[in-house]
Structure formats: C-alpha cells, structure tokens
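Note that the protein sequences, when read in sequence, are chains A and B.
Residue 351 in the working numbering sits at position 351 of the first sequence, with consecutive numbering throughout.
Residue 96 in the working numbering sits at position 96 of the second sequence, with consecutive numbering throughout.
In short, the hints are calculated from the structure, not lab data.
All figures in this text were calculated on a predicted structure; none of them were measured in a lab.
Check the hints yourself; a few may be wrong.
Chain B side only, calculated, beta carbon under 10 Å to chain A, not exhaustive [unchecked claim]:
id, residue
1, G43
2, I296
3, A301
4, D362
Covered stretches of chain A (chain B as the covering partner; in silico rule of three or more C-beta atoms under 8 Å from a C-beta of chain B) [claimed, not checked]:
id, stretch
5, 55-67
6, 105-112
7, 123-134
8, 219-233
Straight-line Cα separation of at most 16 Å, EDC-like style, residue types lysine to aspartate or glutamate; simulated pairs [stated by the list, open to error]:
id, chain 1, residue 1, chain 2, residue 2
9, B, K20, A, D435
10, B, K20, B, E289
11, B, K20, B, D30
12, A, K142, A, D114
13, B, K20, B, D286
14, B, K20, A, E434
Note that the Cβ used here is the ideal one computed from N, Cα and C, for glycine as well.
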Amino acid sequence: MAERLALAVVGHTNAGKTSLLRTLTRRRDFGEVSSQPGTTRHVEAVELAGDDGVRLRFLDTPGLEDPIGLLHALGPLRADMTPPQRIRAFLATRAADEAFEQEAKVLRALLEVDAALFVIDAREPVLTKFRCEVEILASCGKPVLPVLNFVRDAVSREAEWGALLADFALHAQVRFDAVAPFDGAERQLYDSLALLLPARQAPLRAVAGFVERERAARDEAGRRLVADTLLALAALRRTLEREELADEARKAAALEAFRAEALERARRAVRELLDLHAFARSDAELAMLPWLDGRWAADLFHPETLRDAGARLGKGAAIGAGVGLAVDAATAGLSLGAAAALGATIGGAISQGFGPLGRRVADALQGRESLSLEDSVLLVAAQRLLGLHLALQRRGHAAEGRVELERHAVALERLQNVLSALQPARAHPEWAAEDSPRREAARRELLARLRQVANPRSP
Amino acid sequence: MSSRTDGIALPDLLLTEAVKDLEADTPLRDDAALAQALAAGDGRETRIVQRARRLAADTGLDRDLARLRDRLLLLGLALAALGMVLALLVAMALLGQGRHINAVAAIALLIAPNVLGIVVWALLTVLGARSQGGAFGRAVAALARWRLAPQHVRRVWPSAARALDAQHLTTWVLGGLNHLLWAVVYTAAALVLWAVLAFSAYRLGWETTILAPQTLHDAAQAIAWLPEHIGLPAPVPEDLDDPDASRLLGYWLIACTLAYGALPRLLLATLCTAVWRRRRDAGTLDLDEPYYRRLIARFEALAPTRVLDAEHARHAAPAPAHAAAAGSGEPGTLVLIGFELPQELALPAALLERAAWSERVDGGLEEREALLRRIADHPPARLLMACHAPSTPDRGTLRFIEAARAGSIALLLLPAPDAAQLARWRDWLAACGRGDITVHADAGAALSPHG
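Same shape as in the complex, but just chain A:
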C-alpha cells in the first residue's frame, strides 16, 4: 500500500503552524519560527513516511495576515458560483499576485490538498478578522480540522473559539499543544482527520498506529539507554595500588579521574538521549541542562544530594558503606576500600560465581583497594536520566523553554528495585565496556524493573 495524503497547515500569522509541524514530524529544524509575525512566507513541504508505505505530506503555509481585506477582495459569492470557484476566480486576479500574494499561496495550497489543519491560537480574542478567516477557509471545499493551540494557557478562550467554529459547521476540533503535547494528542489528531476523510481512513489510521508504535519504540530505546548507562556506572571499578594509596596527592588525583570517568559516561547518556529524541545537542535551551555544562558534577556528587538519596535508601538497601555518614566533598559518592568491595563482591558472588571474589581476595592480600560508585550516586543518576527521558518524550519539538525535569522526576523511593537489579554489575567490572550473555540477562532484569517504574502523568 503506497498511499499519499497531502495536508495543508493553515491559520493566522504566528498561531503556531510551523510549531505544530515541528512536533508532528519531530523536526526541530523545520521552517524557521520566531515571535516575528509572518515568518513563514513560502509554502514548504515536509513528509512523514510511515512504515507501510503511507506518506503524509504536510504543507506549511504563510499566515493569513489580512483576512478582512481578503474576504473583501474575494467579492460576493455569485449565484452561478460554488465557493471554491470563487476562490479560483480570485487567484486569477492581479490582487492575488500583489496585495494578497501571501494569502493567495495559502489558498492555492488549500485547493491542492486532501484536507487542512487550521491552527488557532486559543489565547486570541475572537475578533471579526478571525471570523473572516474561518469563513474563507471553510469555503475552500476541503475538510478543515481546527487545531486549538495554547489551550493550557491561563487566558485560553477555548469555549468562545469552539462556539465560533461550530457556527461555521466545523464541529470536529482537536486540542493540541505544540509546545507540550498532551498524551495521545497526535493519535487523536489523526483519528479526527480520519473521521473528516472517510475515504482515506485506512492510511490515516495506519499513520496513527505508526506514530504510536514509534513512540513506544522510542520509550523502550530510552529505557534501554538508561539501563546500559546504569549498568556501566555500577560496573565502573578501578583498582588502586598500594603506592597510590600511600601518596595523598596521587590518591586524590585517582579519585578525581575516576569521578571524571563516571561523569563522562553520564554525559554521554544525556547526549544520546537528546539524539534519540531528535533534539539538537546545540539547542540553546537544552544545552542548559545541568549535566551538559558541568553542573552535573555538582549535582551527581553533591554531598547534600547524596545524603538525601542515602537517607531515602533506608537501612535495608544501604549496601555501599558510609552513605550519609561523614560525607566529605573529597570522597563523596565514591566507595573506596577492600572491605566494602569485598562485601559487595560476596553479595554478588552468590549469584555470579566466585571468580570475582577470588580476584578481590587477592587484591586485599596485596594491599590494593578498589574504587567504585556508591549506591546513592547510582540512585541519583537513575532518577535524573529516567526523568530526562520522560521529559524529552513529552516535549514538543517546537518547545523553546527549559526542560522541566522536576515535573517528570521519579521519586527516589520508587527506584529501590532498580538499584537492587544493578548490584550484579558490581562484580563485573568488564560490563562497563563490553557485552556478554550474562550482562544481557542482568540488563533484561533491570529493564523489567525500569518499566515498572510507572510514567508520571503530565498534568
């Protein structure tokens, strides 16, 4: 099935047409949007290709800036004309090339497509010019689906808009926030379009299904990414020789290097999550994520954060030694010592075989100590990464504000299960770098628990 459908995205200037398209096509770079009016002055096409050959072609159109003048220029509807014929007649006039050139582009696009998405800034008062706009769009002979944008805003006039649209027989309406889309809003949009275009139901439902599957696939991939990172962090281990331990300066340098390694791993995860969700790393707002500009270090190894995490771990799960006790900035978050490492290894050895245990015993006998991350650090990393994944998952590609991590944060208490699934990694330093069937099994278990951490609903 290779079906093509063309949809025009129309609306008043600056109502969020390009933003809607950015979110629908997950193309952050599409068009060029700003709060400057009439930014889009050409018609630009972008395709959304489904997995079974369906192709949706969206046409981004310039804003209708002077609907009152345009309606006047269209002239009265003569008895021998249908409304679309009136539009065609207007497009042949000089006014369509000169004074109303921009509007003419919208009308031409409308005549070519299967249906139109009519984007409305629901914060705007319902004025005469908008009434003219609805009248013109509704008279092009194409199904029009009004998309109410910014409905979550405090000054949204959704009810007034709904009444106006209904007066022009546009009863099917969709609420869609291009900046912070509702859960399932995309699906609802395609389902409503399918109702308006009965002949094209199959492809539209296929697209809706595709969009849903893609979302699920991204969610799964994001969780896998978080799981991989957490396993690598838990497996991270460095052995310090007796001489290194004796020399304070060298020991401090080793601690710092180890911490830097952990941070780099975490930063990589942040970058990969951005890639996965199709957000540019260079994006000004996203670049302000605490982890990309170095503040992650302050966050991940901050004694306060760790003390808090440690306290919430409770005594039952406190495997790492010294959490919450005398945490000082130099060793915060790091577990150093043969005893602690041995303890963790014995715990792991029961299920993981005794190879690592033997190595640890040898280390202990020769005065070596091993360095690893404490549970509190893993817990904080799990919370932040999972929160970022959930936040990006729900972020529209037109969003320009900062990422709201707080809203999507998972309570530390709910991550206890995740933490215990990480423990096997402590006995396998090689998991930090390479794959093995055993690591695969541990990853599956960890993933199952990450999936159990239910998604917090966005309000």
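We have chain A; now place chain B onto it with these hints.
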C-alpha cells in the same frame, strides 16, 4: 543484494553489528556514509545496513570478517582431518584386540557415543531455543571474549556471536558443523573397517557367557533392519560355524556403522543446513536498541523538505501616505482608538479623560471604514491606537495605520506588555517601514505630548 528478500542477509547483519560495536564508545565520522545510505532507499533497515557497509569498508571491518570466515573454514578442514584420525583410532581400537571380534559388542561401542551425542545436542537445542544465550550461545560468547585472540578477530567475533545468537542460529550452525564432522568420522571408520577386513583375516562372531546365543542372533537381526531398509547389505549368518559367517558379519558391521553412525548425522546436518538457509537471509535488526533508534532519528532529520511556493521579493513598503498627513490635524486634540482589543480589556480612564473622543473597533470592514472616515473628517493632532499586547501584529493592523490620517500616530500596548512583546511590536513596525511610530508600554508615557 538484500532488497529482494524480506530480511537482511547474514553478511550484512554481521557487518552492521560489528560497526555497532565499533561505534559503542565513539561514533565514527559518517557524513558520506549517511548521505550514501539516504540515497540507497527508503527502508530504515536498508539505510542502516547501507551505512554500515560503507563504514565497514572504510574501517576494514569487512576484511576482518572475511578473514574470520577464512579462519573458520581452515578450522573446519583441520577438524575434518582430526575426524579422520579419530575414525582410524576408533576402527583400530575395534580391530586391535587379536583376531577375534565380537560384532554385536563392537557395534554397540561404535553407536553408543553417537546416540548419546545426538541426544545431548537435541536437548541443548530444545532448551536453548526457549531462551536466548543458551548453552551454545554462552560458550561462543565466552570464546569471543578470549583475550588472546588476534585484534582483527576480536573486532568482529563478539558481535558476530551475538548476532548469530539473536537470530537463533548458533545452535544450528554449531550443530551442523558437529554433525558434519561426525558424519565424516563414521564414513571414514566404515572405510577403514572395509579396508582392514578386505585385506586381513578376522573371525567375527558373538560371544556370551550368560546370554543365550539366540538372543544375540536376534539382536543382530533386529539391528540389521535399518541398513537392509536403506539398501545396504547387512546379512546375519544363521550359524556362526558356517565358513561364510565372518564374511557376512563383516558386511553387517560396515553397513551398521554407516546406517547408525554416518546416516543420522548426515540427516541432521541436512536439517541444520536447511534451517540455516532459511534464516540466513531473514535477519532482523532490533530497532528498539538505542543505537539504531539514534540512527533512525538522524536519517529522519536528513529527509529533505521542499519549498513549493517560494517567497518573492519582500513587499515594497507601502507608499508613505502618512508623510502628507504629518503636521496636519487640529492642534492639541487626541483621539483614542481601541483596536481589536478583547471585550473585557477596558481603555485606561486617564486617557479617556484626555481624549477628544474615543472608539473601540473590532476590525469589521464597515466599522473600520466608518471610523477612518470620522478620523479623516476631523484629523486629530495625535492618534493613539491601543492594541492587544500578546497578539501578533499583522497586515490588517498595518493597513489601518496606513489609512488613518492624523498629525502623529502612536501605539499603546494593553495590558502592560513584557519586554518581548514590546520588542515584537517595535521590530514589526520597523520591518514595515514605520519605525517613526512610537510604541508605548504604559498609559502615563502615552499621555506625554512628546510621545
């Protein structure tokens, strides 16, 4: 080459997985590979594979994989040679204890390990099929991580082992090789038996202390059933004292070695080959893996957008009709217009007091023209247009400004705008060539006659 099949051909799959491992820590520079893959076709998997092929060629991974294949082939040949030697040893062990051979015991000795081997393989296959990374998978993966292996092997083997396991091929590949090896062993053993029995004199029979000789005879006849059915002569002599008995039993022994040793192994090897052939070109990538998802996101971002109805030259700024009107108007008069304001937004009382007259306009054509006529009849010295700050200025607004004839025009944004809104209106006026119009943020400033 993989376009006509539904899945991905195994060599491509192995290359793709090898590239994935290579990029685990640091992604490769792939601009050219991405562009090439984008041009190669529509399917996501096709593009990912195409990109991997190009990168594999650039980094020599394809050569490493070819070398690994050659080495495995050599290893197979060496194993086959080893099988021959093993066969010779088995045959010699059977024939080596003097000139008397207990044929029934000999065949039991030959066949028992074979049956045991097949049962173990079948069990591992069934158990391994239930979960990924079964016994064979684990063994191969462990070998793959063997640190002594040369660098080029380590670059491709772990991913190859993982990919084979993910496609449920490990058991069948290893099983096929194993069965082939044993088929060689038993065929060679039969040949050795034939050669030895052809050129030296042995006495074959069955000896027993506690069983009745007839039991062994019946057993021999039962065993002969299979070779007889597939056309191998396996005669069982009625009487061991018959001078022909040893000769007949010699044929029986060779036929049974082939029928119970080589034949089942050959059949199983065929089965493994069939499974292998079916799955070889039906490979799939786990597109839920973060690595592949990220590639998909990049491919999607590269899909071209097209400008259909291009922007023509920016509209020339409208003729400055205001220039003629400037300076005219009844001195000292101020007219206040509420332009396209929401109903609930009231005009500032202080301004209403000062204004000669004021009017709100929603924007309808007749209403607008009536208002413009009223302004034109008695042009004020100052016209103050109160506009809705959060709204976006549009050409309709500009058209009204252009048509209004007054000494000077200024805008007042209501409700009090933030910096961004103020900047937006000012920039818009400048872009329209009306930078001369002042935009006020509060009513007090708008009152001052210098504004």
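- Query: Taking each numbered hint in turn, which are not upheld by the structure, reported in ascending numerical order?
  - Reply: none
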